[in-house]
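Participant: Chains A and B, in that order, are what the protein sequence lines are. For the first sequence, our numbering gives the first residue as 7, with consecutive numbering after it. For the second sequence, our numbering gives the first residue as 587, with consecutive numbering after it.
Hints in this document: simulated from the structure, not taken from any laboratory. Note that the Cβ used here is the ideal one computed from N, Cα and C, for glycine as well. Do not rely on the hints blindly, as some may be mistaken.
Unchecked claim - Some chain A residues near chain B, calculated using beta-carbon distances under 8 angstroms:
hint, residue
1, Ser27
2, Glu30
3, Arg34
4, Ala139
5, Glu189
6, Arg215
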Amino acid sequence: MSAVALEQASGGDDATHSGSSWYEASARQRLDGLLDADSFAEFIGPEQRVTSPHLPLFNLPEQFDDGMIVGRGRLDGRPVLVAAQEGRFMGGAFGEVHGAKLTGLLRAARDIGSMPVLILFDTGGVRLQEANAGELAIAEIIRALLEARAAGVPVVGLIGGRAGCFGGGGLIAGCCSALAVSEQGRISVSGPEVIETNRGVEEFDSKDRALVWRTMGGKHRRLIGGAEVYADDSMASFRDAAGFLLKHAPAFGAATLEAEQSRLEQRIERFGACKDAVDVWRILGAAEPQTIPELPDQEFLALAAQLQEPRHDAR
Amino acid sequence: MKSWNNARRERDVRLQAAARYAQGKQVQARDVTALLEAVIRPGDRVCLEGDNQKQADLLAAALAGADSGKLHDLHMVQSGVVLPEHLDVFERGIARRLDYAYSGPQSQRIAKLLFGGKIELGAVHTYLELFARYFIDLTPQVALIAAVSADREGNLYTGPNTEDTPTVVEATAFKDGVVIAQVNQIVDKVPRVDIPGDRVHFVVESGKPFYVEPLFTRDPAAITETQILTAMLAIKGIYLPYGIKRLNHGIGFNTAAIELLLPTYGERLGLKGKVASHWALNPHPTLIPAIESGWVQQIHSFGSEVGMDDYIRARSDIYFTGSDGSLRSNRAFCQTAGLYACDLFIGSTLQIDLQGNSSTVTADRVAGFGGAPNMGSDARGRRHPSEPWLQAGKEADPDSPPALRRGRKLVVQIGETFGDKNVPMFVEHLDALELAAKLKLDLAPVMVYSDDVTHIVTEEGIANLLLCRSKDEREQAVRGVAGYTEIGRGRDRAMVQRLRERGVIRRPEDLGIDPLDADRRMLAAHSIKDLVRWSGGLYAPPSKFRNW
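Start from the sequences and build out the full structure, keeping to the hints where you can.
Facilitator: What follows is the structure in C-alpha cells.
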C-alpha cells in the first residue's frame, strides 16, 4: 500500500513551492484539489447562513459555514460524500452546527449505503465556547460513523492540516476505516499543551516541537500503524491516498474489532516501556532511528515499507 | 611627584588579589564568584557581555551570586538586559546604575525595578552609541565576556557569534581594565584568534555553550496575508522606484515576508540584480531562498543565528568568514555599515504617533531598541552619493541646488494598522512619554524620531513623509494610512485625497497591486522545513521551530 504513495512522493519538494500544499490550503482549496474538477456540490452552503448559536453570546465572530464544509463530489469518477474542517476558523473546533453537519453527512451515507465518505480533518478538538454541544456532537458523529461503516460504507480520514487532529477529532479518526497522514499532520487525543499542563513539563515539553512531531506527527503514526498511508504534502498525494484507501478499506465487523483490540494489546506490550518515539522506531527495526525525522518523503516511505508492522485489517 | 600610572597600578593590585583563584589565566568555574569579588571594587563600571543574541551566562550568574557586602553600587554598562541575572544584580543591591541598549524578555521586570527605584537609569542607548561611550565616559573597569574556546595563553575564539566582544575588550583592556572570559572549552589551539590573549586576564571553562537566542528566526508559517500585502507594497512602492541595493531589515514578520517575496514577486517585477543585493543583516533564515536564487551579493552581520553556521560556512561568497571557515560577525562594524553604507532601513514598531515618532516602549514594558535607532536614522556625516539617497534628498528638498543638497537615508516603518492582539499601531501620544514623565527622564525613549522616518507602510498603503511640506500634511499622511484605527478615522478626507493625488499617499491600487493577490502561496518558503530544503539541508533549525 505504501507503493502508491511512494510513486507520488517525488512531487514533495514542489508541493509547497507550486502552491499545492495541503498544509497551507484552506478547507475549500483542499476540496478543490482533492475532487474531480467541478464535481463538488455543497450541502447547507454559506449562503444559507447556518452559523453557531453560541459564539455571539461571547461576542465572537461567526463563520457562515461554521468551519465545516459538507457535500458530495466525485473522486476519479466515483461518487463520494465529503466533509472538510476549516482549521483557520477557531482551530477547526467542533461546535454544535459544525458537528451536526458531519453527523448528518454520515447518517446520509449510512442510509444511501453505496457512497463512501472522506473526512478532511483539521481540528484542535471541541470548541470550548460550546463545549457541551461539541462533546455531544462528537458522540453523535462516532455513532453515525460506526453505523455507516456497519452499513458497509468506507469512511476514510485525511490528516495534514495546520491544526492537526486532536481531542474528539482524534477519537473520530480512530473510528475511521482508514487514515492517510502527511508529515505535518498530527494525530492525538490530548494535545501537547494539555499534556504539559496536566503532567508537567518534565513529562512533555510542548515547546520542544521536534518532540511533539516525534510523538504525534505523521511519520510516527505511519510507522506504528496509526495511519495506513503516508502522503507527501501535495494535493495529488492526498488524492491518490484517498482513492487507494477507498478501494482497500477493511470490512467492519466483530472480526475486525477483535483483531484491532489484539493489535493494540500487542502494541502496548512491545512499546509500552519506551520513553521516546525513537525507542519505538528502534524496536521496529530502524537501524538509525534518530535520522527518521530528517528523512525526505521518498526515503521515509521506503523505510516505512521495510519496517511494516505485521499487517492487520485493523488499526 | 605626580603619578601618571595610577590606573595601571590599581589594575595590577586587582590582578594580584585575584591570582590565588587562578592557575595561569585559568580559573575553575566554582571559584568565579570569589574571583569577581577579588577583581571588582564597589562603584566599578562593569561591562557584562550580552546583547540580543549571545550571553555571558555563567559570568552573569556568578556576579548575581556575589556577596552584596563586598560588591555593591556597581554601574552596569552593557548592550543587553536579557537574562534574569542581569536584573538580579540590581534586586540584590550588587549594582545600582544602568546604561544599556536592548532589553527583550526582561522589559516588564526592568520597568518594575525602575519604578521601584532599584535601578538608577543612565540612558537607553542605541548599540553604536553605547559602544562609543565605552571609549569616552563609560569605560569599564572590568569586562565579563563570552567566547567559544580559549587556549592556555588566553587567545579567544568567539566562533560565529563574535558580536560585541572585540569592542568591549578594546575599551577595557587598553584602558587598564580587567577582562574575564567564559569559554565553552579550553583547547590546545583555537580555530582562529578573534581576541589576542594579551587582552584577556582570566579564562573560565564553563563546559557548555553560552546561551544564544535565535532572535532572527521567523517561521514562514506564521506570516499573514496582510503582512504579505505590506511586503508587496514595500517592494513595488519603495525598493523598485528608489532602486534599493544596500539595506538592512528589522526582525519582524513584515520584513521576513519581503525576504520571502524577493524570489517570487520580486522576480516577476524584474528586480533581481537591481535591488536588495548588499546587506547589513544577521543571517536571517528567511533570506535563504533569495540567496539561493542569486539575489544577494554579500551580507555583513552583527551576530550569527542559531542553526545557520553550516549554511554560512558553505556560502563564503555571501558572508564574512574567518580563516577557520566560520562566520565572523562584529556588531560595532555592522552598525557602522548600517548607518553609513545602507540606503534603506525597514522595520516594525509597536506605536507610531501623529508626526511619525515611533517606539516599542509601552506603559509597562521598557524595551531597549538595540540597533534600531541607529539603523533607523539619517547619517548626517555621510558624503558619498547613491541613487536612492540622492532621490530621497531631492524629494525632501526639491528647491536647493543639487550639488549642495544632502541626500536622505530611507527609513521605513512597516506594520499592520492593528498589530498583535488587535492593538492599534497608531496612537495620539506614545506611551514612551508617559513613562518618561513617571521616571522623570529628560528624554522619552523614542526608537525612531519623526524627522528620520521617510515612509510608513501599512496594508492601507504607503505614506511618503519626504513629500510632506507641513506638520499638518505630515499628520494627515500618517492618518491616511492608519486605516480603521481611531487615528485613521480622524483623518481629513479631502486633504488625504489631495495627498493621494500628489503621490504622498499611495494605495495598493495606485501601485497596481490587488490586495487579493496577497496570498501565502506567493511566499518562496511556507515553513521552516522549506527553508531547510532551500538550504540543501545546511540550515539546522532549533527544535522550537520545527514541525516534523
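Participant: All hints, please: hold or fail.
Facilitator: Do the hints match the structure? See the list:
no.	hint	in the structure
1	Ser27	holds, 6 angstroms
2	Glu30	holds, 5 angstroms
3	Arg34	violated, 14 angstroms
4	Ala139	violated, 27 angstroms
5	Glu189	holds, 5 angstroms
6	Arg215	holds, 4 angstroms
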